[in-house]
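**Student:** Following the hints, complete the assembly by docking chain B onto the known chain A.
Those protein sequence lines, which keep their order, are chains A and B.
Per the numbering used here, the first sequence starts with residue 1, numbered consecutively.
Per the numbering used here, the second sequence starts with residue 1001, numbered consecutively.
Just so you know, the hints here were simulated from the structure itself, not pulled from any lab data.
Be aware that one or more of the hints could be misleading.
[As the list claims (entries may be wrong)] In silico SDA-like pairs for lysine to any residue, Cα to Cα no more than 25 Å straight-line:
no.: 1; chain 1: A; residue 1: K265; chain 2: B; residue 2: V1087
no.: 2; chain 1: B; residue 1: K1186; chain 2: A; residue 2: P135
no.: 3; chain 1: B; residue 1: K1186; chain 2: A; residue 2: G46
no.: 4; chain 1: A; residue 1: K294; chain 2: A; residue 2: R33
no.: 5; chain 1: B; residue 1: K1037; chain 2: A; residue 2: A427
no.: 6; chain 1: B; residue 1: K1186; chain 2: A; residue 2: L67
no.: 7; chain 1: A; residue 1: K352; chain 2: A; residue 2: A283
no.: 8; chain 1: B; residue 1: K1240; chain 2: A; residue 2: L324
no.: 9; chain 1: A; residue 1: K255; chain 2: B; residue 2: V1117
no.: 10; chain 1: B; residue 1: K1186; chain 2: A; residue 2: A427
[Unchecked claim] If you want the footprint, here are the derived chain A segments under chain B, 3+ residues with CB under 8 Å:
no.: 11; stretch: 242-254
no.: 12; stretch: 259-265
no.: 13; stretch: 322-329
no.: 14; stretch: 417-423
no.: 15; stretch: 426-434
Glycine residues also receive a C-beta, built at the ideal position from the N, C-alpha and C atoms.
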Amino acid sequence: MVSQIIFAIVFLAAVLFFAKNLRTIQRNILLGRTEDRNDRLGERMGVMARLALGQGKMVVRPIAGILHIIVYAGFVIINLEVLEIVIDGLIGTHRIFGSMGILYDVLIGSFEWLALAVLVACVIFLVRRLVLRIPRFWANEMTKWPKTDATLILVMEILLMGAFLKMNATDQVLAGRGVEHYTTAGSYPVSTWLRPFFESMSTGTVLAFERGFWWFHIVGILAFLNYLPYSKHFHILLAFPNTFYSNLFPKTQIKNMPRVAGEVKSMMDPSIPPPEPMVNNVAGTEVPERFGAKDVFDLTWKNLMDAYSCTECGRCTSECPANLTGKLLSPRKIMMDTRDRLEEVGKVIDVKGKWEDDGKSLHSYISDEELWACTTCNACTQACPINIDPVGIIIDMRRYSVMEESKSRPALTSMFTNVENNGAPWAFGPDKRMDWTQ
Amino acid sequence: MSDTLNIRTMADYAAAGEVPEVLFWVGCAGSFDDRAKKITKAFAKLLNGAGVKFAVLGQEESCTGDPARRAGNEFLFQMQAMQNIAVLNGYAVKRIVTACPHCFNTLKNEYPVLGGVYEVMHHTQFINTLFKEGKLKVKGGSFQGKRITFHDPCYLGRGNGEYEAPREVLAKLDIELVEMKRSRAKGLCCGAGGAQMFKEAEPGNKEVNVERSEEALGMQPSVIAAGCPFCNTMLTDGVKHFNKEGEVQVKDIAELIAEAADL
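Isolated chain A, as found in the complex (with noise of 0.2 Å):
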């Protein structure tokens, strides 16, 4: 009864606790400006279902995305264990489904063969970051927490996929001892090689084993629950809606600003009044509506939940030219960036009650240098396995740049005064448009 009372309350205490997670992660979120991503719902569904579900992008490259599928796949379906856990947990039963006979037979050890999967998955990810250090890891922006991160995530996997394993294994011994209640339940094909060494124990000692290992799993899955919203790992909730609300218009068309256009129309027919400025009221305070992005707020949620979902690993930032090419941008520290400054805004209005101005600015992470290195060749949205846009952010933080501090380059200044006056980027006249028929 008070290992019942126990887990309830651990139980409960770790779901509220997510739950609170999720309620600032979602607010954070809805401090971006709105944009309508729920047309062509039908379309969406495709999209999550091949890239979300499928995961139609991870096997572009083959040896991660078996691997991801693999841990993917394992960690979905063994979850369904913790279902019984769960209600064993509450109501002080064991193995509850064990009733099931044949159909519970083929669960477990369908989860037992998936488990050693994804525990090899896992330490060969591991390999790949630590030993073999796969340049897309040990980039400029992986600096100490992103590696941490990383590196945390799959111990961790590992150590459930452990526990569980040697949890079947201590359940063995005890049923084959005809301990009560450990009544033989299941075939377990990968943890009965775990047998021998508990069988040397007493009883009681493989009982207590056997506990721990349980009470480990489970609040091993419930502490990794609840690490996921401080966490890259988040991607593994938001990779789902973030698929299903990506930008299905060609990647290289730019969203239009219709204010813009309605103060050109203004200026080109005085008739028409000019659109009035819009203020966004961002957590309690007024904040003037600006050209292009100041700061996260100025972006639209769907950036902002792009940064959430973004798990760093940088296959955007391997297939960037001017990454490649030694240039200071990675769009990979666009998305990590936005997430950090994002988190820094949410943390004022935790703290405030509501926003206050910080004197900083995603500018303050993202350079300028960085902002007009990038060639807008989408190399790095059609790359994200889960559609991530980095190069959204980067054109409205060029249009802050350019529109709102006059700040540019040089050459592009040049460009924008030959386009006023001749229509063309270069120095050329109108008159001289038919030249190329000479």
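**Tutor:** Just chain B now, with coordinates in the frame of chain A:
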């Protein structure tokens, strides 16, 4: 024989009370850049050769606003767009073909929301249609059996999902098409997009066009085929960087077809 082409403008057509089948949007590079002008000429000859009744805007054409928008100057983009849309709609233009993927992308994707709705084709798509309709015929000609690699323009390929049209057109030349490792959706940018064409590159350890040209030259081609005037410039410079301009030519698909068809 004079090499001067007789090209009619939309104004000419309007004055004659005629309507062309298609507007050829020449673009700024195609109008002013000496290398790109040759592409424009080749494509115009090709249209003439296929008997296509086409017009250009001539002095009434103005930059689509692509580089301004990508460099963050939305005001300038909007001004260019509205001005162009007024001209295009004034002539009731329905179909546009252009040899520049940047103009193509802007006209096709970014003008409709501002009131400029047209059927827009990249010239490789248009040429492909001409072949399919039997209006254009080539026999391998001088390129038969030659090793040619194709560089996907980002704004045509990844941007607008068109990977096949340029390849189908190249196939008409009976060439040996060799694909770079980074091709189609994985194609590497030439380095010119996003208004980079008009500025110095940010500090780095290599130029993007050198990286791409190195990959293309690695295929040992006799021709690097391009479908964008900016890619053409970047790759031509890259080939020169490796002192290979004597052995390897950078040519637009329109030029290859025009040459093979002996136009």
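**Student:** For every hint, state whether the structure bears it out.
**Tutor:** Status of the hints after comparison with the structure:
Proximity of K265 (chain A) to V1087 (chain B) is assessed by CA-CA distance (about 15 Å); at most 25 Å being required, the pair is judged to hold. Among the hinted pairs, K1186 (chain B) with P135 (chain A) is consistent with the structure: their alpha-carbon atoms are about 19 Å apart, no more than 25 Å. For the hint pairing K1186 (chain B) with G46 (chain A), the CA-to-CA distance comes to about 22 Å; that is within 25 Å, so the pair holds. For a cut-off of 25 Å, the pair hint linking K294 (chain A) to R33 (chain A) stands: about 13 Å separates their Cα positions.
Restraint check for K1037 (chain B) and A427 (chain A): the C-alpha separation of about 16 Å stays at or below 25 Å, so the hint holds. Between the alpha carbons of K1186 (chain B) and L67 (chain A) the distance comes to roughly 22 Å, so the proposed pair stays at or under 25 Å and holds. A C-alpha spacing of about 10 Å is found between K352 (chain A) and A283 (chain A), which places the hinted pair at or below 25 Å, so the restraint holds. With a C-alpha separation of about 21 Å, the suggested pair K1240 (chain B) and L324 (chain A) falls inside the 25 Å cut-off, and the hint holds.
Restraint check for K255 (chain A) and V1117 (chain B): satisfied, since their Cα atoms lie roughly 16 Å apart, inside the 25 Å limit. Under the criterion of a C-alpha separation no larger than 25 Å, the hint pairing K1186 (chain B) with A427 (chain A) is inconsistent with the structure, at around 35 Å. With 6 residues having a beta carbon nearer than 8 Å to a beta carbon of chain B, the stretch 242-254 of chain A meets the requirement of three or more and the stated coverage holds. With 5 residues carrying a beta carbon less than 8 Å from a beta carbon of chain B, the stretch 259-265 of chain A meets the three-residue requirement, and the given coverage holds.
With 7 residues having a beta carbon nearer than 8 Å to a beta carbon of chain B, the stretch 322-329 of chain A meets the requirement of three or more and the stated coverage holds. For the stretch 417-423 of chain A, the proposed coverage by chain B is satisfied: 3 residues have a C-beta within less than 8 Å of a C-beta in that chain, meeting the threshold of three. Under the rule that three or more residues need a Cβ within less than 8 Å of chain B, the assignment of the stretch 426-434 of chain A holds, with 7 such residues.
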